[in-house]
Amino acid sequence: MNRNIILLFLLITTGFFTSCKPREQKAQELLNEGTIMVAQGRHNEAIDLFTRAIRLLPEFAQAYTYRGSAKFDIGDLTGAHDDYTKAIEIDPTYAEPYDFRGRIKLVWSDEDGACEDFKKAYALGRPGMYERLRRCQ
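Going by the numbering used here, the letters in the sequence shown line up with residues 12 to 148, in that order.
Hints in this document: simulated from the structure, not taken from any laboratory.
With a straight-line Cα cutoff of 30 angstroms, these simulated DSSO-like cross-link-like pairs (lysine-lysine) come out: (1) Lys97 / Lys130; (2) Lys97 / Lys116; (3) Lys131 / Lys97; (4) Lys116 / Lys131; (5) Lys37 / Lys97; (6) Lys116 / Lys130.
What you are looking at is a predicted structure, and each value in this text was computed from that prediction instead of being measured.
Just need the whole structure built from these sequences, with the hints factored in.
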């Protein structure tokens, strides 16, 4: 009887752990699906997928950035700005959200704030920042 209990335990735990994907992997899969939705113009569905990725992995800066971009595309500038800011809080060395947040600040006529973000993105190695920095003399 003891042997049966051990065997049952091994079967249950092995099945459980092999059927569950690590949270990071599942979050990455949701991010990938979301990028496909964005490419298809299905921004609201993409936002839902990015949000699910964030729920799985609350410190997933890339998911906040991608969700911010999807929000930007549908005109939710405040939501996009908040997502970019959260991505920066999570990973201050991630250049992309600085660039995108700077673009929103330009729309909002915050030239100084935009230039600050563009300079940070440039310092972190974001390609293509030279043109945006030209306005920041």
